[in-house]
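K.L.:
Residue numbers (UniProt numbering), protein chains in the order written: chain S, 1 to 497; chain H, 1 to 402.
Because the hints were derived from the structure by calculation, they are not lab data.
Incorrect hints may appear among the rest.
To be verified - No more than 25 Å apart at the CA atoms, straight line, and that leaves these computed lysine-lysine pairs for BS3-like:
| # | chain 1 | residue 1 | chain 2 | residue 2 |
| --- | --- | --- | --- | --- |
| 1 | S | LYS400 | S | LYS373 |
| 2 | H | LYS344 | S | LYS360 |
| 3 | H | LYS344 | H | LYS310 |
| 4 | S | LYS360 | H | LYS150 |
| 5 | S | LYS360 | S | LYS400 |
| 6 | S | LYS373 | S | LYS344 |
| 7 | H | LYS89 | S | LYS167 |
Chain by chain, the residues run as shown.
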Amino acid sequence: MQMPEPSQAIISQRDALAQGLRQIVGKDWVISDDAQRRPYQCDGITAYMAMPLLVVLPGCADEVQAVLRFCNEKGVKIVPRGSGTSLSGGALPLEDGVLLVTSRLCNVLAVDEHNRVARVQPGVPNIKITEAVSHLGLCYMPDPSSQLISTIGGNVAENAGGVHCLKYGVTANHILGMQAVLMTGEMVELGGAYLGAAEGELDLMGVLTGSEGLLAVVTEIAVRLEPVPEVARVISMSFPSVEEACACVGAIIGVGVIPAGLEFMDRKVLDAVSVLIKEKFDDRTAALLLCELDGTAVEVDALVGVVSDVARAQGAIELKVSTTEEERQRIWSSRKLAFSAIGKLCPDYYCTDGTIPRNKLPEVLNKMADMSKKYGLDYANCFHAGDGNLHPIIMYDAAKPGDLEKAEEFGADVLIACVDAGGVLSGEHGIGVEKRDLMTHQFTEIDLQQQQMVKCAFDPKDLLNPGKMFPTLCRCAEFGRMHVHNGNLRFADIPRF
Amino acid sequence: MTDTQTIASMRPATTQDVADILMDAASKGEPLVVRGNGTRVGLGNPVAATRVLELGGLDQIDFYDPDDLVIRAGVGATLDNLEQVLAEKGQYLPFEPPRYAGLYGTNGARSTLGGAVSTALSGPRRILTGAVRDFVLGVEGVNGQGDVFKAGGRTMKNVTGYDISKLVTGANGTLAALTMLTIKVLPAPRAEVTLVLPAATLEEDVALFARMRALPLGIGGLVRRVNAAGVCEVLVRVEGTVPGVAGNQQVLNGLLGARGGMVVLEQAQSHALWAGVRELDCLNAKPDELVWRVNLPATTMPTFVEQARKAGCINRFFVDWAGGVVFSTMRGVQPEVDTLRYRKMAEKAGARATILRAPDAVRAQFGAFPPVSAGVAALAARTRTAFDPAGILNPGRMTVQA
Numbered sequence: 001m002q003m004p005e006p007s008q009a010i011i012s013q014r015d016a017l018a019q020g021l022r023q024i025v026g027k028d029w030v031i032s033d034d035a036q037r038r039p040y041q042c043d044g045i046t047a048y049m050a051m052p053l054l055v056v057l058p059g060c061a062d063e064v065q066a067v068l069r070f071c072n073e074k075g076v077k078i079v080p081r082g083s084g085t086s087l088s089g090g091a092l093p094l095e096d097g098v099l100l101v102t103s104r105l106c107n108v109l110a111v112d113e114h115n116r117v118a119r120v121q122p123g124v125p126n127i128k129i130t131e132a133v134s135h136l137g138l139c140y141m142p143d144p145s146s147q148l149i150s151t152i153g154g155n156v157a158e159n160a161g162g163v164h165c166l167k168y169g170v171t172a173n174h175i176l177g178m179q180a181v182l183m184t185g186e187m188v189e190l191g192g193a194y195l196g197a198a199e200g201e202l203d204l205m206g207v208l209t210g211s212e213g214l215l216a217v218v219t220e221i222a223v224r225l226e227p228v229p230e231v232a233r234v235i236s237m238s239f240p241s242v243e244e245a246c247a248c249v250g251a252i253i254g255v256g257v258i259p260a261g262l263e264f265m266d267r268k269v270l271d272a273v274s275v276l277i278k279e280k281f282d283d284r285t286a287a288l289l290l291c292e293l294d295g296t297a298v299e300v301d302a303l304v305g306v307v308s309d310v311a312r313a314q315g316a317i318e319l320k321v322s323t324t325e326e327e328r329q330r331i332w333s334s335r336k337l338a339f340s341a342i343g344k345l346c347p348d349y350y351c352t353d354g355t356i357p358r359n360k361l362p363e364v365l366n367k368m369a370d371m372s373k374k375y376g377l378d379y380a381n382c383f384h385a386g387d388g389n390l391h392p393i394i395m396y397d398a399a400k401p402g403d404l405e406k407a408e409e410f411g412a413d414v415l416i417a418c419v420d421a422g423g424v425l426s427g428e429h430g431i432g433v434e435k436r437d438l439m440t441h442q443f444t445e446i447d448l449q450q451q452q453m454v455k456c457a458f459d460p461k462d463l464l465n466p467g468k469m470f471p472t473l474c475r476c477a478e479f480g481r482m483h484v485h486n487g488n489l490r491f492a493d494i495p496r497f
Numbered sequence: 001m002t003d004t005q006t007i008a009s010m011r012p013a014t015t016q017d018v019a020d021i022l023m024d025a026a027s028k029g030e031p032l033v034v035r036g037n038g039t040r041v042g043l044g045n046p047v048a049a050t051r052v053l054e055l056g057g058l059d060q061i062d063f064y065d066p067d068d069l070v071i072r073a074g075v076g077a078t079l080d081n082l083e084q085v086l087a088e089k090g091q092y093l094p095f096e097p098p099r100y101a102g103l104y105g106t107n108g109a110r111s112t113l114g115g116a117v118s119t120a121l122s123g124p125r126r127i128l129t130g131a132v133r134d135f136v137l138g139v140e141g142v143n144g145q146g147d148v149f150k151a152g153g154r155t156m157k158n159v160t161g162y163d164i165s166k167l168v169t170g171a172n173g174t175l176a177a178l179t180m181l182t183i184k185v186l187p188a189p190r191a192e193v194t195l196v197l198p199a200a201t202l203e204e205d206v207a208l209f210a211r212m213r214a215l216p217l218g219i220g221g222l223v224r225r226v227n228a229a230g231v232c233e234v235l236v237r238v239e240g241t242v243p244g245v246a247g248n249q250q251v252l253n254g255l256l257g258a259r260g261g262m263v264v265l266e267q268a269q270s271h272a273l274w275a276g277v278r279e280l281d282c283l284n285a286k287p288d289e290l291v292w293r294v295n296l297p298a299t300t301m302p303t304f305v306e307q308a309r310k311a312g313c314i315n316r317f318f319v320d321w322a323g324g325v326v327f328s329t330m331r332g333v334q335p336e337v338d339t340l341r342y343r344k345m346a347e348k349a350g351a352r353a354t355i356l357r358a359p360d361a362v363r364a365q366f367g368a369f370p371p372v373s374a375g376v377a378a379l380a381a382r383t384r385t386a387f388d389p390a391g392i393l394n395p396g397r398m399t400v401q402a
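So here's chain S without its partners, still in its complex pose (with noise of 0.2 Å):
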């Protein structure tokens, strides 16, 4: 994995920018000694690395804008930062540039209960939001698993999914308004804190959101709340191989039932988290999908009958449903102890999140396994069944030479399964620098010229996080100037990092 070549001529001013941006910030809020920006060097992914040029920790919305002048007219790239849990890389630093953290950021600025709309800066945790707001029955829906140190500001930029979006939505169908800068320090608002605020006018908000820190850096942002529903069961569905379990997740959505969540682990799974919850799985189990529901008790008591008639049909050989929050909780525990689970069979591992249409499921389960015995390296499958959204969890050994180049070719080699398969290559991560170098196998050139275009409409230098997403940079000049018809690769000779 490249990245861009750093500026030595801006790493030379380090002193002098640090300087400049103590002025904006104060002076406590720019890190520049090697101990202290050290935890900054890598995200969630923590096998790429770079030492930030500078850290600098804006206290508020006029601060972030003073920050971004301050470094657009200095050409010092900027790497918007939340709280460093992406998982495809969004947030690896660059050595010549400013890492720009929104951690001080973090204030529920108003809560309007009647419209159900509240307003939050975007260093807030995730599920500081619903804990701001439950003590009135509403809370915020999206909820990745990293929700408890995931900021919303982070949650926008990847456009996060979770457990729960199969039925409720991702992130973008929960976004009303936002307060964005651009790298030229303006701020604009998009929406408002209603629905249909944005109407009008080109959906902006919409773009921004899942653009991975590459077009503005958001300041504040309107998000929807919903009623907390009454009641949630959950099932827990055993199959005696992953063929019927993948069957059975096209069988329930065919029927009509959206449940409000539906996930799948095999049996390296099972086998990984009964150690740790003290608990044996059915032998002849060699997949298990967990089925929430949620509602009104009615509601959910209907549904629970229609989905335990339809994994019976589908061949589940154990149903166990909850009864009381205490068992939800516990089956859901399963799930949710999964990935340390497999940590402890293993050094180290790999996930992707490459996302494919739901009857493709057993294809490309197969598939990985014929590319495990490829690469020698073991896996294990534990994902967001109900929206295809593939979470396979390669096993390796970084102390061991050649081995994590093993697991990101066996890691690449899923995700163009799943682009062949009809999907995508994130679900719920983003590309970031992970699978950047990829785009070119799920989009044309013309494909991404035209999203490179949209980055020019917003940030003409490249100053903002260059070197994630696109497997070139952007060259906004040209786009201008040249225009080559349909087919014609463009540009066949420029570097590609």
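Given the coordinates of chain S, assemble chain H onto it according to the supplied hints.
P.N.:
Below, chain H without anything else, positioned relative to chain S:
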């Protein structure tokens, strides 16, 4: 109410034909009106162009995968056709797209999917299921240089590149001539009833809406309107499974019972009622009246409506989206004066006032869509240039040219 002096139409049947037409137009710098079948032809600002690119011929369904809740179709596929195909599998378009054919005096049976996505009009169910933008998974289109591009995909979750699908939704054909759309669909609710009760004051009704929405009762429509008999009433649509709806209806009976006079409309009646609500039938807009939509926070709606009525800017009106949108008519006596006053009033209330129907001259002068800040306008203009550098795709449809 047509675009100014259009004289010739082109009706391509393939994406490649669209690309050829646009490459040719781009080379000449010739502006084009881009539309589906032109059934919402009075929406947005008039476009000064002499040729029309009509995409209604791209009407094939590419695939429909009910178990995966996804359908892919040409932009010219009619909403009627799609809804019928989906209904055969018990599914539907969750954003309940209005046709507004009655408003524009066109044939709603010809309203297209591309038109629904490009205008981003969402029906009464938006408060429960979401807006058009929430269901556009992937797009294929041709930009203003004649390049065919695709974006998004067909999966429910996707963070692979910028969300161009959202950007083109509601862009009114100013970014690209869309050719193919991949849409997320949902199982249609098995049961539906509507509770009709007498209206109280606007404040009381909005407060009632808020109380109902604070509970997870599957309420997919909350409207306050004047019915055909001239009676002011509140409509509550409850949807879900058969036992779920029955249970939620009981909860609502407890909440609403104090008002008295409740009438329950069962499935078929309820269905027909909301089809009319979706089309703004209860506005009963006269041919010489202007028609407006104002989006605003529900809690500020009562004061806004009261002031606008006093000022003579609202003639008849009804309230949808649990109080978050006001549809109204305006007398066509002095449209320029009243338009300016109504817009100002909306702006003061932090609302967005869109003209759904008005004479060409009014829309050309004031813009069908409310103005945005200079910074947002400039960013949107740069974004348009990124797709259409020559400015040939519906130029001025969304923005009033300075």
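K.L.:
Hint by hint, where does the structure go against what was stated? Just the numbers, ascending.
P.N.:
2, 5
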